[in-house]
Amino acid sequence: MVEVKPDIETFAKIKVVGVGGSGGSAVSRMIRSKLRGVEFIAINTDVQALHHVQAPMRIHIGKTVTRGLGAGMNPELGRRAADENQNEIRDALKGADMVFITCGLGGGTGSGAGPKVAELAKEVGALTVAVVTKPFGFEGNQRKQISEKSHEEFAEYVDTIITIPNDRILQIIDKKTSLTDAFDIVDDVLRQAVQGISDIITIPGMINVDFADVKAVMENTGSALMGIGRGSGENRAVEAAKAAVASPLLELSIDGARGILFTVTGDSTLGMHEVAEAAKVITGSAEPEAKIIFGAVIDEAMKDEVKITVVATGFEDRNRARVLQGAVSKFTAAAPFPATIPQSHLATVKAKEMARSDRKVKVIDAPEETFVISDASKGGDAGAEEELEIPAFIRKKMG
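Letter by letter, the sequence shown follows residues 173 to 571 of my numbering.
Everything hinted at is true.
Derived lysine-lysine pairs resembling DSBU-like cross-links, with alpha carbons at most 30 angstroms apart: (1) K316 x K348; (2) K206 x K348; (3) K235 x K266; (4) K235 x K316; (5) K387 x K206; (6) K185 x K294; (7) K294 x K387; (8) K387 x K321; (9) K452 x K463; (10) K463 x K185; (11) K185 x K387; (12) K266 x K294; (13) K185 x K266; (14) K235 x K294; (15) K266 x K321; (16) K475 x K206; (17) K294 x K321; (18) K316 x K347; (19) K266 x K387; (20) K452 x K475; (21) K294 x K206; (22) K185 x K206; (23) K387 x K452; (24) K463 x K387; (25) K294 x K463; (26) K321 x K235; (27) K266 x K206; (28) K316 x K294.
Distance windows between CB atoms, simulated: (29) R239 x G267: 27 to 35 angstroms; (30) R239 x D439: 51 to 59 angstroms; (31) G267 x D427: 32 to 40 angstroms; (32) R208 x I379: 18 to 26 angstroms; (33) E472 x L342: 36 to 44 angstroms; (34) E449 x D427: 18 to 26 angstroms; (35) L351 x D263: 34 to 42 angstroms.
Since the hints were derived computationally from the structure, they do not count as laboratory data. Just so it is clear, CB atoms sit at the ideal spot from N, CA and C, and this is done for glycine as well.
Between the sequences and the hints, there should be enough to build the whole structure, so can you do that?
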């Protein structure tokens, strides 16, 4: 019998687009983490910041609008820049089955150009998912207002939005964590949100979940919860499930979800009863008629550990999607979101991040196009998705 080995190229084509400074930084983090099975694109008005992004394709937008500088806190400039280069962006997105757009909201480029990129991704027929951050509370009301407007525009085009409020970062770091290390954590949270979903598609399992399953749960569903949890010992699967649905960094709880996709990864000792108990934790607060899709991956490298990835969507009445009020969950086993980040670990991560990529990159400059501002009217969450656009002088220090 001929053994068929799936090639990574046979999976759905996934493209990850980082827009603005925060988005570009997150993309570089994903590349350094060797995220498999996806293509990376970076888009920015700031040519200096774009130069440092490690994406194979980098698109400099708004060359005649911002003259190589950032958009500041002017999302109208960001939108105009994306309009100017819409043909190049559209060409870069063609062929994608799924597009992730990652950025911060509340500044200029991410808030203004991000929704335009989402619009173009939908035009090419891709399942479109935004993974965005909210600004810190100390950044003021103006950034909050910009982010709220940007979220409304995103909601007009994306299928799903996953939101990480930056203020939640303060709950999982100790008081000695530096500014640059805190921003590294923000980048890594964005990375894990994208990877958690892309791995579901690209890593084959014993009970396989493919792109069609992901699309069934995420298409046209609005806000989403995505969590990853790990557990070990006697109650490893239940602990992993609790951690996955109770991350202190995510804005929504799983209550009222109408679509849930979850995968369980463990070694060959993973038991059916373990999986059943974990499933009860995950689906217990969902709608009775919720669409549930389940996958399982056997990986001997997990040893005694179990990892569970959960994607929950379909919060039909946004008010029923309970917004967590900042209390850190008692479940702290989630691998991506530990309760505290040891300084030694941050130092190790920072040392690894110093390595520069030697990959060749393609930088695209485009001619001027007509400027059209979209007045998106479709509403989003009451807790709108927002951005932290990190000032250039801080980004330079971050390397």
